[in-house]
Amino acid sequence: MTIGWENLPKVEGGPFKRAFFRWFQPVMLVALIAFWYYAPNDWAVASTAITLGIGFKIFLLGLEWVNPRFKSWQLTWKEFAVDLFYVGMGYTIVRTLSSYVGDDVIIGAVQSAFAWEKFAWFMTMPLLLQAFLISFMFDFGQYWMHRGMHNWYPLWLTHAPHHYITQLNINKGAVGNPIELFLIGLGVGGFFDFLPRAFLLAGSLGLAVSIYQHINVRFDPPNWWRTIFNTTEHHSVHHSQDYEASRSNYSATWIFIDRMFGTAVDGEAEALGMEGGRSMSIKETMHFPFTEGWKSIKERFQRRNLPAVPAE
Amino acid sequence: MNTRFFDWIWHVRDSIDLPAGQSHDEAMARLEPLFHERGTTYERFGNSLSFGKKGQPAQDKMSVYDRGELLVETHAGGSRLRYHLVSRAFLYCFLAPLLFLALAQVNNAISHYERAKAEAAGETETDKDKDEAIELPQSSIDKFLGAPTPEIPGEDKDEDKQIGPSPTPAYVFAGIFVVLFIAGRILEPYLVKRLFRRRLFGLDEDATPASATPTAA
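So the protein lines, in turn, are chains A and B.
Count the first sequence with the working numbering and you get residues 1 to 312, in order.
Count the second sequence with the working numbering and you get residues 1 to 217, in order.
Some hints here could point you the wrong way.
Unchecked claim - Result set (DMTMM-like, lysine to aspartate or glutamate): computed pairs, CA atoms no more than 25 Å apart in a straight line:
1. Lys-54(B) - Asp-42(A)
2. Lys-71(A) - Glu-275(A)
3. Lys-78(A) - Asp-66(B)
4. Lys-54(B) - Asp-83(A)
5. Lys-54(B) - Glu-32(B)
6. Lys-78(A) - Glu-69(B)
7. Lys-193(B) - Glu-32(B)
8. Lys-61(B) - Asp-204(B)
9. Lys-193(B) - Glu-69(B)
10. Lys-283(A) - Asp-66(B)
11. Lys-193(B) - Asp-17(B)
12. Lys-193(B) - Glu-119(B)
13. Lys-78(A) - Glu-32(B)
14. Lys-61(B) - Glu-292(A)
15. Lys-61(B) - Asp-83(A)
16. Lys-10(A) - Asp-242(A)
17. Lys-78(A) - Asp-14(B)
18. Lys-71(A) - Asp-83(A)
19. Lys-78(A) - Glu-284(A)
20. Lys-283(A) - Asp-7(B)
21. Lys-61(B) - Glu-64(A)
22. Lys-283(A) - Asp-83(A)
23. Lys-71(A) - Asp-66(B)
24. Lys-54(B) - Glu-275(A)
25. Lys-298(A) - Glu-284(A)
26. Lys-117(B) - Asp-14(B)
27. Lys-193(B) - Glu-43(B)
28. Lys-54(B) - Glu-292(A)
29. Lys-71(A) - Glu-32(B)
30. Lys-71(A) - Asp-204(B)
31. Lys-61(B) - Asp-42(A)
32. Lys-143(B) - Asp-42(A)
33. Lys-57(A) - Glu-12(A)
34. Lys-78(A) - Asp-204(B)
35. Lys-295(A) - Glu-284(A)
36. Lys-78(A) - Asp-7(B)
37. Lys-54(B) - Asp-14(B)
38. Lys-78(A) - Glu-64(A)
39. Lys-54(B) - Asp-242(A)
It is worth saying that the hints were derived from the structure and are not from the lab.
So that you can see chain A by itself, here it is in the shape it has in the complex (with noise of 0.2 Å):
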């Protein structure tokens, strides 16, 4: 593992090439900011999001080819289509399980009951400043619901499988037991989907800086950079082997979150996973919660069960 963002390797190739990989995450955010906020009423809408963000993945997915970070990280058929198989899970399964028992029930509940006059206060504040807020607060609660996740066992048991990735790509976010995602998934941001245009912009965020979380690209962007968002390096830092450094950057967007809160670790990380780097099944996968829980109920019952030894 290296610390210290002065001792990573820096982008090599030529001026082009490392201008590109330099500027490529800031310049994206402001377009896709700047599309957002002049996109026409029609086309700010859900549907348009989804496009752009397979689109961009796509996009994502062969820069990993032209410039990886690390070679052991390069994506391979087996699992580019073990990382398809969780993100139709995620488009399917999580997705429809979510409209049913999900955040969505409590958000459209309220939303229902709503009245619109209420929310003006809000709505008169610059489109940028709600899109931050939004954004904000969501990545406040994913904050501490994965701080949560790597600190009550309970919760970490839905968790551990996504750790056993062992190298990062454009898809590996959806990587682990549908619970998880379902959890991790669950946060107020979904509430103000009724301002359109804010949402999107605060989606964009995500889209333009959370997705790079789990990328195999080696991008060299400016120090300020790092020091708001979160990034595939400090990302990786929180997939290392080393257990301290797993504990470490638990936002999804904006990591001074976790400079707030004395979590944040800046460098970068090679070595993957758990248990020396151990791959975990998809069927492992879903049943990791379970069974790991049930070992551990009966342990401790087993625990208690024990006939007490005299002193000698």
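Start from chain A and add chain B according to the hints.
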């Protein structure tokens, strides 16, 4: 029943001519390091080698295969490496479209149920007139910068609005996995043949096991 008619889905069988004069011992010695990976066990008996993999990491160049046998056969015309590899990943990828088609049908069933429920309750009638009458506020900064005037989300605009979960993503993923299976079933056997050939002919520059020696920690 001859399973070879359909087991090609997850079984790979092929062969490579060894370089002239290469003994089976030398051939196996060149191939053996490929099995010094984490999660891989193997046994070598003279001119044959069998292996199994469990929890193989992504960095293993043969991670797509779970078990297999390699055999060097010697004929009058020279020697040949025959191999038979088995991949559960191919099988699961082949079956994945069926799973997603089934999920699409579940979503269709839920949608039909939701639509029937909505129609019975007379909920298809919308009260959008009420919402459209409201004028939403906009920051003077956004007005100055030329952002479009806000509108209440235009739900219920489509007469054929989706009620309940949409089956479309499941259909899309079923299609993706069909393409993925065809691509993988062609690509991975080609890659493993190239890997074996490079090892046998001494052309492989990177001969160290990828996952046995982490490069950073």
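Please write out, lowest number first, the hints stated earlier that are contradicted by the structure. Going through the list in order, the structure violates hints 1, 12, 14, 26 and 31 and respects the others.
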